[in-house]
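Peer 1: Work the whole structure out from these sequences, hints included.
Now for the letters of each chain:
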Amino acid sequence: MSDETKFEPRIVAFLCNWCTYAGADLAGTGRKQYQANVRVIKLPCTGGIDPLFLIKAFERGADGILVSGCHPGDCHYNSGNYHARRRWNVFRPLLEFCGINPERIQFSWISAAEGGKWVETINGVVDSVRALGPFEGYHKINAIGPDASSEKS
Amino acid sequence: MEKTLKKENFNSLITGLKDKGYKTIAPKKDNNLVMLDEVQSADEIHLDHVQTNNSVKEFFLPKTEKILSYKIEKNKVSMEEPEGFAVKTVIFGSRPCDAASLPVMDKVFNWDCSDKFWVERREAITVVTIACDKCDSYCFCTSVNLAPDSKEGSDVLLTKISDDEYLVETVTEKGEGLIKELETVFSDPAGGTPERQIASVEKKFEIDKVKPWLDENFVNKVWAEFSTKCIGCGACTFVCPTCHCFDIVDECTMSKGDRVKNWDGCQFKMFTLHTSGHNPRSTQDQRWRQRIMHKFKYYVEKFDNILCVGCGRCSRVCPADMNISEMLEIIATEDNQKE
Amino acid sequence: MGNKKIGVFVCHCGTNISATVDVEKVAEETKKNNPGVSYTTTYKYMCSDPGQKLLRDKIKEEGLDGVVVAACSPKMHEHTFRNAAIKTGLNPYHVEISNIREQCSWVHPEIPVGTEKSTDLVRMMTEKVRKDKSLNAIKVPVTKRALVIGGGIAGIQAALDIADGGHEVIMVEREASIGGHMAQLSETFPTLDCSQCIMTPKMVEAAQNDNITMHTWSEIESVDGYIGNFTVKIRKKARSVDLDLCTGCSSCWQVCPCSKIKSEFDMGLGNRTAIYIPFPQAIPSKPVIDRENCILFKDARKKNIKPNDSKVCRKCIDACPIAPVKAIDYNQEDEIIEVKVGAIIVATGYKELEDGLYGEYGGGKYEDVITGLQFERLASASGPTEGVIKRPSDGKEPEIVVFIQCVGSRDPAKGCSYCSKTCCMYTAKHTMLYKHKVHHGHAFVFYIDIRCAGKGYEEFSQRAIEEEGATYLRGRVSRVYKKGEKLVVLGADTLTGSVVEIEADMVVLASAMKAQDDAMEIAQKLSIQYDKDKFLSEIHPKLKPVESSSAGIFLAGTCQGPKDIPETVAQAGAAASKVLALLSSDELEREPVVARVDRQLPPVFSTCIGCFYCQKVCPYSAIESEDIKARDGSVIKTVARVNEGLCQGCGLCAATCRSKSIELDGFNDEQIYAEINAVEFN
Amino acid sequence: MIEALRKKAEELLRSKTVDVVYGYGEGSVPERTRPVFITKPEDVNKLTWNKYCVYNLTTYLKKQEARKLGKPAIVVKGCDAKTITVLIKESQIKREDIYIIGVTCTGIGEPPATKCKACDVNTPLIYDELIGEKIENKEFSFDERYAELDEYEKLSEKEKWDFWQKQFAKCIKCYACSSICPLCFCDRCIVDKNQPQWIDPSAHPRGNLSWNVTRAYHLAGRCINCEECQRVCPADIPLNLLNKKLAKETEKNFKYRSGYNVDDELAMATYKEDDSEDIFK
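Protein chains in written order, with my numbering: chain V, 1 to 153; chain B, 1 to 339; chain H, 1 to 682; chain Z, 1 to 281.
Simulated from the structure, these hints should not be mistaken for laboratory data.
Glycine included, C-beta positions come from ideal geometry on N, C-alpha and C.
Check the hints yourself; a few may be wrong.
Covered stretches of chain B, going by a simulated chain Z footprint (3 or more residues, C-beta under 8 angstroms) [to be verified]:
1. 27-33
2. 238-252
3. 282-288
Peer 2: Written out as structure tokens, the structure reads:
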């Protein structure tokens, strides 16, 4: 990924254990190829994903984030994904309001049977973030860190 | 050495400073605030204010500052100390009270060990102060042995003598050097005694009466009565030019990190919270008392200076209208009566 | 924790991984760069016996206290490797899987790409392992008693199986007698043996089993607790008859003057009295007073007096031969009893689609348009006509009967998009029963498809067509209307493409099986899921067909979806065997992935501020409130607490908590942070 | 109105209905008032009411120093009163534990506060005693309520980022915003959790972005728009814009407005099966 001529977006995906993680496994079992830009973090349920996780992922250099879990009604924990949906329905507009392109934070429902959808989704995320380019705003504030003040004075 | 500076020459001053490799900080209007900030031209400078919202403190002790960075490799940590943090700078147009805070804080930053960040910045920065031609009811410099035209801490003091001219007095060698460097910008004073336009700041209390009372009144119901409304934020300490407490944290990824010094404040509940859960200053009145005690008793005992320059920022900014001079007035008129 | 010695085992998976991931390089990089990693190796098949042995040996030899196995999906072998760790004495929750097969080697064909990604994934996992904490399986004591809700064939079968297994069963039935729908049926397909004949002995057996305590005329009030430890409140509705005193002698219902009440058991085709037993073979064979219809109770309500103070009619109590205290008690009130059970089987059954829903077929409008269950009663020897087929309107023997299949079923417009599964079979049965009783009669069947999958089922329906002479017409009926004494059935025969008009004497609707009206209520009381049709949901349609979404609660019979008797009985047996397995141990072990609310030393006690958002979002009602009290008993603060028995480990609470005072073991804040931190794109 | 207020306070203190009255007193300058805590009936003349009574005094319900004074009566404006509804919903107080002195209000601040422009609670929705002539509460449309957001929402992505980066750069992490907020009542704020440290405590752009976004998000579906955070910010960051944006999204998506009805389920602690699916693929 060090090839500077071509930008390879760096994607973190937060997946629920029961549906999307299993869907990604199925894509693997089916030897369905997709772009390798994603690093997966598995949690029991999308309902357990705190927006702070997303912020931290950006702070660690992610250009884009995918959150994916069970389809509405299919949540292993009955209602986890419904709560998650509420959360993202307010959190994403907040980030957008702060000037973060909403395409950098994407959400999907992918069931354990939808290996194909996993491939499509992850390729879609990679392509759309590639089109946006590196998340320069965030990369910059990450790089500055505590040097901000000394830069100022 | 006495000179004058004409307003019309502000521009050449700023350009001159730039040419000589100085970074210039001056009051700038920023929406509802007037902030000391870097300026590129004289047009940006705003002088029609009582007090800038920020003090000069942040240019010597930034709100957040890297004190070292490190890399963690397997079984090995390598460290790197920051360099180049002290940039040759002129602060133009700060107030005498702000400038007076600097020698007071020199004491603490050169006490048991010398804080290189403070010391090097102090060396690199020249403070050109403008004496106050106006004040407001929060100002109380005259109550803490200062004045709207005090020279303490300034390298150069400017005093308004007409709408478009300032009297320039050098205070330190560094100041004199600066004036010499930019000689052409300054004029020689016209003959006669110019009329200095200086604000008249009302004296609110006798500072001499404060410490004796504090010596006797660690326990007093006044602390709680006065501070019930305090919400425990850090605004007062952060805007204060003399509050200098800081916290050190590490901010790191898996393989690298920065050790960072951040402003901290005694008004926060967490400030004194021990790991055990015990908090020696568990209530806000204790924290409020600490602020007053530190400024007017402990610091005096240790460094022979009160840790307050009467700028009034804490009172202006307080979300709950706590007013420090009011507290000091109460103290100074309490007749040293212990409860 | 920072000093953990971590071993990383990179699996080749034959060539499944090593073909596209340079496993040696992954191991090497990991060893070189990752803090805490003291040992790395690669192995052909980690999951094989030698592979597991390697893992065990190295844990011991190298003194590892953390392990990452970089291999296939954790869904495959997380369990395997964690178990291997247990054998060495290492707590299994220090073992994590890095999925470099499904997520790398199988999907990224280029070696450098797969290798780099694998190295990243392993790094993220080693960082997580550094923060892993030992977790111990949660032990929950088990109350060795089961509750069966519903006393139909599913409930009876399950109860009997559990009781035979040696455990106490509490059975709750809301009607006055157990038996359910099966007791209403005449004969059963595909053998045509009499339903009563096979059902009644089961009912008796259940009643006489010492391990079974039966509460009829009772309903579930509330269910609290969790697997192994449920507390159930049962409302014993006022029966007005003392079950201990009553002998079921029949004196009372013989004298009851209110004799024109439609019998629910006979689907409204027969009458009963106000004090009644639902059917002769009822168990318990003791009556109940229908307080809605009894004139004494009506009078008491009108006058707002206690029932016993009404003097309007006291015939039943007068007739009761029990002395000195009569077995009838007009003033009896509902009673709530509380029982503790370790497992619950829900067998609440189904209801038949309301006939009124099909106005175009005259359902609910024409007396001679009846439902399947009504036909069962007509054909039953113990039914209102004693088994003689008479049409309800005038008692005449119907000579032409039209059976309409898929009434409601497979018709999203009527709210049932599903197939009711049993109707094809019972309609075939009905035509036979009809032909057996009315030899000269003619049966027509309108069908969409004939679905007779099951042992002997296809043959059975073929017999109805070929041997018993029922005329099967493929097509839907558009309308049924009355013409004189006849019912004209307008339909289509799609095989010939013609419109069919039949003048019938009686029409039988194969009405859909629907979820009980209050299925949602019971689901909510039990915190279990239901599907779009309000049938209760099994947790996995294939592999866990009798488990509900709540641990310790199982499903049997038609409450879960339409099914016939053999299937119901099989499912009841399956549910019972799950219950028996659960009750066989004194304690349950649960995976310790549960949430935990922060506790600290005084004066903080907990950083929880008690806003109880966690409680509101918890799908399992696993969050309780706890008062932290001073020695004098005064409440210092009220904070949340997790009931480990109920928590299922979704982490919803943790993500909802603003101060992060609640965390999920196994996925705690530090672990997730470490994983994200190790993404390290910067 | 001041007289009625003082009379009521005196009566409450005399009758021992309450132990303390949280009210407004004269401030250090005529353009300011300050919170006062009246415990003695003879002190009620310290209470005042004017257009500078900006404080949302319910914030003192979370302060142990104020709570120590005993059962409170609190002087609240319509906007402040909404806080009480949320605090009850979030188990922080019980309705019977406080006495609410509602004051009718036609706007505060000089120049008037933004929140007063589309105020629909001139008369508080919840109170035990109402001081001042009851004012018929107005109704505003969705668009009118969130009109102040328009100019920011229509900025381009880059303009938005630059705007907020400039704003957040000013943040000095004094936490006046959360200290003043009556709904920021956590004992330990998430920013103070250091194992792990989700939010960098430093006042640099990275730490300031995560802090300000998280602070706002933690008020989603809760903020009652008292604007106190914005008022007290020494760096003059328009914090309430973020709160308002979340309020708008909450209302748009969930038809929920915080503080209006004690019977409503808390927006972020519940869900509906038909919540918007728009952002999900």
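Peer 1: Against each hint, give a clear statement of whether it holds in the structure.
Peer 2: Okay, the hints, checked on the actual structure:
Against chain Z, the region 27-33 of chain B contributes 4 residues with a C-beta closer than 8 angstroms to a partner C-beta. That satisfies the three-residue criterion, and the hint holds. As drawn, the region 238-252 of chain B meets chain Z at 5 residues by the rule of a beta-carbon pair under 8 angstroms; at three or more, the given contact holds. Figure legend: the region 282-288 of chain B, annotated as covered by chain Z; annotation consistent (3 residues with Cβ-Cβ distances under 8 angstroms, at least 3 required).
Checked against the numbered hints above, the structure violates none of them.
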